[in-house]
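Peer 1: Protein chains in written order, with the working numbering: chain A, 1 to 522; chain B, 1 to 123.
Some hints could be false.
[Said to hold, decoys possible] Once the Cα atoms are required to be at most 35 angstroms apart in a straight line, the calculated DSBU-like pairs of lysine-lysine come out as:
{"no.": "1", "chain 1": "A", "residue 1": "75", "chain 2": "B", "residue 2": "25"}
{"no.": "2", "chain 1": "B", "residue 1": "9", "chain 2": "A", "residue 2": "102"}
{"no.": "3", "chain 1": "B", "residue 1": "36", "chain 2": "A", "residue 2": "75"}
Since the hints were derived computationally from the structure, they do not count as laboratory data.
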Amino acid sequence: MRITLKTKIWFTVITIVLMFSFFSLFYFPAQQEKYLLNNYNNEVQNLANTISLGVRIALTEENFEGVQTAMSFVKDDPRLQFVSLLMTDTIWSSDHQRFSIKDSLLKTFPEKTESLISSESVIRKRSPFTTEMMSGAIELGLTTDQISIGKKEIRLTSMLVSGVFLVIGIIIGFWLARNISVPVLALRDAANKVGDGDLTQRVINDSGDEIGELATAFNKMVVDLGKAREELRHANLSLASTNDALHATVADLQAAQEQLVQAEKMASLGQLTAGIAHEINNPINFVTANIQPLKDDLDDILKIIGSYEKVVREKGMEKEFLEVEQFKQDAQIDFTMREVNDLLKGIEDGAMRTSEIVKGLRNFSRLDQNVFLKANLNESLESTLTLLHSSFKNRIQIVKDFGKIEEVECFPGKINQVFMNILSNAIQAIPGEGTVFIRTRQEGNLVKVSIKDTGAGMSEVVRKKIFDPFFTTKDVGKGTGLGLSISFGIIQKHHGEIEVFSNPGEGTEFVISLPVKQESEV
Amino acid sequence: MITVISHTKGAPSEMKMAELRSVMKGERQRWSDGTKVHIALMKTTTPAGQSACQKVYNMSGDRVKRFWLELSFAGNADPPTFCNTAAELESFVLQNPGAIGITDNFSGNDGIKITEIDGQKSF
Numbered sequence: 001m002r003i004t005l006k007t008k009i010w011f012t013v014i015t016i017v018l019m020f021s022f023f024s025l026f027y028f029p030a031q032q033e034k035y036l037l038n039n040y041n042n043e044v045q046n047l048a049n050t051i052s053l054g055v056r057i058a059l060t061e062e063n064f065e066g067v068q069t070a071m072s073f074v075k076d077d078p079r080l081q082f083v084s085l086l087m088t089d090t091i092w093s094s095d096h097q098r099f100s101i102k103d104s105l106l107k108t109f110p111e112k113t114e115s116l117i118s119s120e121s122v123i124r125k126r127s128p129f130t131t132e133m134m135s136g137a138i139e140l141g142l143t144t145d146q147i148s149i150g151k152k153e154i155r156l157t158s159m160l161v162s163g164v165f166l167v168i169g170i171i172i173g174f175w176l177a178r179n180i181s182v183p184v185l186a187l188r189d190a191a192n193k194v195g196d197g198d199l200t201q202r203v204i205n206d207s208g209d210e211i212g213e214l215a216t217a218f219n220k221m222v223v224d225l226g227k228a229r230e231e232l233r234h235a236n237l238s239l240a241s242t243n244d245a246l247h248a249t250v251a252d253l254q255a256a257q258e259q260l261v262q263a264e265k266m267a268s269l270g271q272l273t274a275g276i277a278h279e280i281n282n283p284i285n286f287v288t289a290n291i292q293p294l295k296d297d298l299d300d301i302l303k304i305i306g307s308y309e310k311v312v313r314e315k316g317m318e319k320e321f322l323e324v325e326q327f328k329q330d331a332q333i334d335f336t337m338r339e340v341n342d343l344l345k346g347i348e349d350g351a352m353r354t355s356e357i358v359k360g361l362r363n364f365s366r367l368d369q370n371v372f373l374k375a376n377l378n379e380s381l382e383s384t385l386t387l388l389h390s391s392f393k394n395r396i397q398i399v400k401d402f403g404k405i406e407e408v409e410c411f412p413g414k415i416n417q418v419f420m421n422i423l424s425n426a427i428q429a430i431p432g433e434g435t436v437f438i439r440t441r442q443e444g445n446l447v448k449v450s451i452k453d454t455g456a457g458m459s460e461v462v463r464k465k466i467f468d469p470f471f472t473t474k475d476v477g478k479g480t481g482l483g484l485s486i487s488f489g490i491i492q493k494h495h496g497e498i499e500v501f502s503n504p505g506e507g508t509e510f511v512i513s514l515p516v517k518q519e520s521e522v
Numbered sequence: 001m002i003t004v005i006s007h008t009k010g011a012p013s014e015m016k017m018a019e020l021r022s023v024m025k026g027e028r029q030r031w032s033d034g035t036k037v038h039i040a041l042m043k044t045t046t047p048a049g050q051s052a053c054q055k056v057y058n059m060s061g062d063r064v065k066r067f068w069l070e071l072s073f074a075g076n077a078d079p080p081t082f083c084n085t086a087a088e089l090e091s092f093v094l095q096n097p098g099a100i101g102i103t104d105n106f107s108g109n110d111g112i113k114i115t116e117i118d119g120q121k122s123f
């Protein structure tokens, strides 16, 4: 069973009040009556002793009037029932073996009182005396009426005191309940609310006692708790911020790792392409270098054949050369000559194309360089387009608007990588036929490259994430989500900027700004 | 030797011992002229008092006092006046008509007479 604090207080107060009432109603009156009776007995005894002393003195002085005077000492006392002068004689038996004490009444007041009779309403005291003349005693009897009155007064007083104490006890009970129970309950309610998370709770108690101190301590605790919670919240925020930074750092590290891997791959690819370009370049040089002499030689041969035909016609020697003429007709010499020219033209075009590809490969293969080199971005774009030619040649028109720009200090291989990424994305963003606009301009000490496609465009949500590592809108396996992230990092390394403008259905434009000169090498 | 003295009024000039004892024990409380008897004795601690107790009361001094205590508290008689000196006793007798006392040193005061007992002034 749960007993509340208020019940305990009331129980304590009521117990104390009842105990005090018991003592004040029973114990204290009994004690008082006992003391009263003792005092009264002592008073009566003292009076008897006083009279006895007076009588003894008077008898010694042989002053019988003095004896009367001594006995009259209490004559006017309203409590007096009797005062007697007794003479005590020792009565011996006839054989003097036994004796008895006999009291003879000499004088009593009032005259008709039977002095020796005692009752509960009379206190009787005896005070013996001895003189040379006689042995005797004074017996004094006083009424106990005053004791009864005193007892009644004591009981009445006790009842009044008990009643007053009961009232005071109730008042104290109320006071204690109000000053202890109520503040404690308020403290409990506030503590419960604080426990539920409400730290605005305060307990008002200006009593200055322990409960007041408890309320002050509680309020301080709540304030400290609020501060601690606020500090914890800040710490959590800081931790979250640190966590975010950590995530960003991890992402940066992953990106850097990917960059390194990509760079390594590109370096390997560069070395490979450089090797291939070098190996192809020599034979293709033979081809391109020999085409024109071959043409010239073929022209010479054709001229010689023409000269022969002219001589035959002029000399009328067709009959002798009939067999040769028959062979020419069988060989369709005219068609063959046109075909040879066409074949040579095709070889020449193929050689030139191959030479451009090789040039592009060589240009692209400069990835392993780690110092800034001056590069013409127009050429870089051309090289990249050459490499990508097969992916767009039949469906996408490339509109080049190359301005007159300065060479830019850069890592050409990495810039090529950026152009490769953006142009690849532009080509892939156009599902069917479309156009890619490439524009270069010099603006002050900046060279700006704009690559704009007529593709599907992108939403703002996507646009905000395209530079995030591993973000891709391509199908699984078709994109790593690292291309633009790496491109962003490369442009930043060049102290440049890369901007993107896009709306759904309106295509996408990337604008790359690169300083002509780098202030310091990265 | 002790002498019985008395006020000029009341007591006779001569008495028998038996009469004296009757008066001294309170048995006779008025004189023949109606005057109330007032008894004066020397204290029982004095030679005169002791002598009076022996010769008149034939009792010890304490016995005489007890006798008078009982008698007086019984209301049968007024107790004697016990005096410390003969002069005091003479003065009491002189001032109280009907007074009678016993002394061993009477000064011969004119206002006091000697009551002879059995014809003797002193005994």
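Peer 1: Return the numbers of the hints above that this structure violates; sort them in rising order.
Peer 2: 2
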